[in-house]
Amino acid sequence: MRPDAIEWPHRERWIDVAWVAFSLANLAAMLVIPTWETVPFHFIWVSLTLLYGFRVWRTGPTMTVLAFVMVMTGLFIGIDYSRGAQPLDEITEVPLMAAMFVAMVWHARRRLSAMEETERVSMENLRLLERERRFVQDASHELRTPITVALGHTELIQRDATDPTIVEDVDVIADELARLRRLVDGLLLLAGTDDPQQLHLVPVDVGEIVADALRRWAATPRRWVLGAAEEAIVLADRDRLAVAFDALIENAVQHTREQDTIEVGVHRRDGTAVVSFRDTGTGIPTEDLDRIFDRFARADPGRSRHDGGFGLGLSIVRAIVEAHLGMVHVTSQVDVGTTFEIDLPLEADTGQTNAPSQPVARTSERMTVEGRVGGSYLG
1 MRPDAIEWPH
11 RERWIDVAWV
21 AFSLANLAAM
31 LVIPTWETVP
41 FHFIWVSLTL
51 LYGFRVWRTG
61 PTMTVLAFVM
71 VMTGLFIGID
81 YSRGAQPLDE
91 ITEVPLMAAM
101 FVAMVWHARR
111 RLSAMEETER
121 VSMENLRLLE
131 RERRFVQDAS
141 HELRTPITVA
151 LGHTELIQRD
161 ATDPTIVEDV
171 DVIADELARL
181 RRLVDGLLLL
191 AGTDDPQQLH
201 LVPVDVGEIV
211 ADALRRWAAT
221 PRRWVLGAAE
231 EAIVLADRDR
241 LAVAFDALIE
251 NAVQHTREQD
261 TIEVGVHRRD
271 GTAVVSFRDT
281 GTGIPTEDLD
291 RIFDRFARAD
301 PGRSRHDGGF
311 GLGLSIVRAI
321 VEAHLGMVHV
331 TSQVDVGTTF
341 EIDLPLEADT
351 GQTNAPSQPV
361 ARTSERMTVE
371 GRVGGSYLG
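With the first letter of the sequence shown counted as 1, position 379 gets the number 379 in the numbering used here; the numbers rise by one all the way through.
For the record, the hints were derived by calculation from the structure and aren't laboratory data. Hints may contain errors.
Restraint ranges, calculated between C-beta atoms of paired labels, are given here [as the list claims (entries may be wrong)]:
id	residue 1	residue 2	range
1	R133	M72	54 to 60 Å
2	T145	E119	39 to 45 Å
3	P203	E116	42 to 48 Å
Using N, Cα and C, we set each Cβ at its ideal position, and we do this for glycine too.
Given these sequences and hints, build the entire structure.
Quick look at the structure:
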């Protein structure tokens, strides 16, 4: 809406009425106390400026009010001059105050126009993002069925094929279809995470979700460390948090070697549950830290999509964490390692404090496990 087309609700008209009454009272004071007319004269103009700052009238009403104030204040100064109470040069104050008011009007309209343009662009961006989310969600749904059908036929061919060349080709097709299905599943998860209404929020112990994640990954050959594990209850979707934790652990695995350490811990800090994921892997270059949470972003261009995934993992992490009103932070140093921290607000009704608590029974002491294929899980 253009600044000169602004409409105001009737309930705000009392401001205009109050200013009219105030101005009439000051005009009367200019006549009653002519030797002090400067004070009520400036009260009228200052109050008009303040009123316009709150209201920003349309052009027509603004010019009408300005002309009325100029005429009335000039007339009353002229009356006082005819009485001999004020010199004639006092009337020069009228065009001066009018010029100052017009300058203020110009600046106010420019500011209002800029604010409206910012709001318009913001709303347009929101509409585009919503359209993108729906497109990704709809397209992913439509792709799942043909991919599933193609995989089914591929598995039939794999089972019946005897020619080694055909078997090799079909294996490649099956692998690529499986990767495509993972991509579609990731896009669906990302689109669903953008909609907070799809979250099933219940009080959960973050430490339990972390422990479950470590059990799932303990067979991977890394040096696994379960660090601090304070009890921290948050209001969250357990399955979505598990996906986020798995994504961060998978990211750590992809950037470490067998002899490297991956440490996961939970503690409370300033009313939040802090879940940390620390590794001693290759690290992330400083120039890449600002974009690693973008969709399809890759910190290492040298790694192939087949080896390094699709670049959706960290964007899914951020979407899940933000859907839970949390934040995710990352610090990293090349050839030293990377630390991700997730901050989630503690559940309000659990009586938790910010003071350090004793670790829960299942993690009463620091645990280190040498991960190996086929090895036992943390327990």
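Structure-based check of each hint:
1. R133 / M72: 54 to 60 Å: holds (58 Å)
2. T145 / E119: 39 to 45 Å: At 41 Å between Cβs, range holds.
3. P203 / E116: 42 to 48 Å: For P203 and E116 the Cβ distance comes to about 43 Å; the hint holds.
In summary, this structure violates none of the numbered hints.
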